[in-house]
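*Asks:* This is what each chain is made of:
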Amino acid sequence: MSDDHTSEPSPSGDTGSLLQKPVDRRGALGMMLAGAVAGSQALGACSPLSGETPEEREVKVLAWREYIKGNYRFMTEEERAETIARLERLAKLRGGVDVAIQGTEAQPGVVFGYAFNISKCKGFRRCVEACINENNLDRRAATQYIRIFEMQDGEVNLDEADATFQHEVPAEGHFYLGTQCFQCADPPCVRVCPVGATWQEPDGITVIDYDWCIGCRYCMAACPYWARRFNWSEPEVPARDLNPNQHYLGNRARKTGVVEKCTFCIHRTRQGRLPACAEACPTGARVFGNLLDPDSEIRWVLANKRVFRLKEDLKTEPRFWYFTD
Amino acid sequence: MTHRRVGAILLCLLAAGPVSGCRERPRPERGASGIPPVPATTVPVDSATAARYARLEPGMLGAVQAMPVEGWAGPGARPFEVARRSAVLEAGHAREFGRVTLPIALRAGSAALSQYPCTSCHAGPRLVMGKERIRDAHNNIQPRHPEQAGAACSTCHAEENVETLALRGGGRATLDESYRLCAQCHFQQAKAWAGGAHGKRLDGWEGRRVVLACTDCHDPHRPALQPQIPFRAPQLHRTGSPRDE
Amino acid sequence: MHLGPFLRTALDSATSGGRRYHLWMGGLTVLIVAGAYAYSLQLRFGLGVTGMSDHVSWGLYISNFTFLVGMAAAAMMLVLPAYILEDVDFGRAVLMAEAVAVAALIMSLLFVVVDLGNPFGSWHLIPGLGYLNWPRSLLSWDVIVLNGYLALNLAIPLYILYSRFAGRPPAKTKYLPWMYISVMWAVSIHLVTAFLLAGLPARPFWNTALLGPRFLASAFTAGPAFVILLLYFIRQTTRYPIADGAFAKLALITTVAAQINLVMLISELFYKFYWPTEHSINAVYLFAGLGDHRALVPWIWVAVALNVGATGALMIHPVRRNPNWLMPACALLFVGIWIEKGIGLVIPGFIPSPLGEIVEYTPTWAELAVTAGVWATGLFVLTVLVKVALPIELGEVRSPYLETPHGPRIVRPRATRRRYEDVRPVRTR
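Protein chains in written order, with my numbering: chain A, 34 to 358; chain B, 934 to 1178; chain C, 219 to 647.
Treat the hints with care, as some may be off.
Stated by the list, open to error - Derived pair list, reagent style EDC-like, types lysine to aspartate or glutamate, alpha-carbon separation capped at 20 Å:
(1) K288(A) - E269(A)
(2) K1124(B) - D358(A)
(3) K344(A) - E611(C)
Worth flagging that the hints you see were computed from the coordinates, not collected in a lab.
Work the whole structure out from these sequences, hints included.
*Replies:* Rendered as structure tokens:
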């Protein structure tokens, strides 16, 4: 550096005007570089020569609005409608697919219950196939919400069970028991979420706002039934396999780094249809209905069959019962 | 023998074929799947059956027609309906899940009755054939119901009309009302079926309750469950990260 | 008034040093850059670049987090006697321990951030902007107490250092109440972290009443052990006086805590193995393996050996008094606790899964690189803090706005000052 004391910039900057401010080589280069960068940015943002099409711009604007939105649970009806419209538009812009995302709310007087007949299940896994296709599950990671365990006769012991069987079923000496999210009445996953991204709806379905989830996976540690899945990479569903009938809290497109799980096919059940697994089961092992309706099949099963639930001692009160013929 | 005479004999033989073989035997039509379609209406055999069929309503659930169930009530003593045998019966009542179509009844793909309707051969009383006996008839019906003892045809089929089911005590039921026959022996399953713990309900959990008939899942001639190869197993070790590729 | 010179002094201290110092900081910087690159891969491709899975959904990151929160808590063990009981021996050592606490806290928070699947959504945690599920979620408690503890541990030592730099003694009324709060807060941060794991009925390996006490015992073992190592290094390389009494007391704390830790371990082993139930299966996997799955068995037995050996050695008085024995014992104890409380606690909680499936866990290179980067960041912060605090504590630098021994110093008002020489700190020795 020079011995000339005038080479140091004044700490207060009030001597002389800015234009007469003495500056050294390094400072001058820095200022010119900053100016060039700022100028090119300004030029690029406004000019049509920048290479950004109106669609790309729209995607950026929509993505920004989606990023700053709040928790779906606390949104007003308008905000919900807006975010659904944005998501549908983004699906069209990004993937070229037309999707219809519902925001259907819970019907009053309905709480869903599920019963699984372990005498009738033969391990065909048609429910798994239907679920994958209905819920747009990640094909690359081969996500499956439903697990069918081949259990040993004589005990209900999951430690001795195997869900990776790939042989003709039913096999001698075994019975079959399926698990998925049980939509517990007192869910530990809801209690532990630090941002309130998962909650239970009035009709009993525990849902996740995928855009609010921060991916801490505490809920996965808390679930006693291993019902939740995480997107370890970007989920892929080929466009020709995509189910366009979606629900915001259900089978819409998820992204990397968020948790997802079975929602009892919320986009179907809130329209009065059966969930895909119950409909697809060829042996009729799955019973689904409204627990608040005393004349429903699920209530008949609970009243007339000997039922049990997994891990009753944990007092999670799952709404998924097992029974036999 | 002149050439002319040989030609004439050959011509007569050729003509004799179609002339002698031409009968009034209705050939069952083959649909796209090679399975004969069910005729639009089943002829009721008596006035009671006719009365039951009179209460038929067109199905709300797509192409499925349904009829009210007699003698059994659903939970809360609510009446319910049973799906009639329809054109998609043999294909197993498929439904769409996302972009795939999967059969939802167990009997999908089991041996189809390729010679239905029965009256195409059995003109009236069972043993009286309306036409020549066809070689290898009934080779796709292996009566194993129950497995060891084996019921006779007349256990279930009425003598005067094999397309009608014979109930104990003399009553008759149509093929759509198979539950009335099955429930005579399998009353425990029938009770569960009426309550909802057995069988399948079509399409929804609320509103009008239409369930599949017994024969939609159970082949009455061979009701034992056939083993199958399941859909693919889950992968325990995580795959699919782009860094793996 | 003293803030500008204080910051300049700090920058000056942190960037000047001998060759070993620069090599150390350079090496740490390399690790930090490598970790940052690995983290960029994680951001781009998702957490799939790690070895975690739906079955073992927490791995190396949360293991390190659990261990480091304990380290941060243990630093407060020294604060209690030093400030509140006014123990002269501890007085010098305390600031270094607070530096350890700050560094450990920063590492913990970093480990949580790198573990998140959607880190850009972290603002969802801020009450007001987002939604913090307090008091139901233990993780929300953790967010509050960790950040609060960081604030306390930054504010109090900074105040004390700044006061000393400015040439006046720090006012007890200003910092002592916060000190009391800080001590209680230290216990709470580690109990909250323990409850975070212990409050999950889905995970019988953690769902015990003893987990909280075990965490505190192992924290007060590893924390003071590390502080002993740090203080020894400082005593050997600088003029900073640290009394033998400080070492003796710290070593005693470490030994007693290590003994309690061993007793608790024995208690857990008895509970799990005397009458094994289904709930013992995670412990069986850890200590004996299940069939072909034995990945953690050598690790845990090495940890047990290190812990038992080091504790036994420390129980002998001559060992504690001789630095040539004390330092290795502390180092081995530190490593043993890291294994036992880090990967020996978090990973077995997931194997087997709640539905009995066994999927083992192996960290990937990206995961190891990020972990190394975070550790390097913490050590970098620790080095900077110690390097800044030492000259001020030694009285080697003071603010220029003080009376010097050579008479009052004339300082020109800001408006007319033009030279750095006019405002740079004054070396008093």
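*Asks:* Against each hint, give a clear statement of whether it holds in the structure.
*Replies:* We went through each hint and held it up to the structure:
1. Distance check on the hinted pair: K288(A) and E269(A) sit about 9 Å apart at the alpha-carbon level, within 20 Å; holds.
2. For the proposed pair K1124(B) and D358(A), the alpha carbon gap of about 11 Å is at most 20 Å, so the pair holds.
3. Using a Cα cut-off of 20 Å, the hinted pair K344(A) and E611(C) is violated, with the two alpha carbons roughly 59 Å apart.
Of the numbered hints listed earlier, the single one contradicted by the structure is hint 3.
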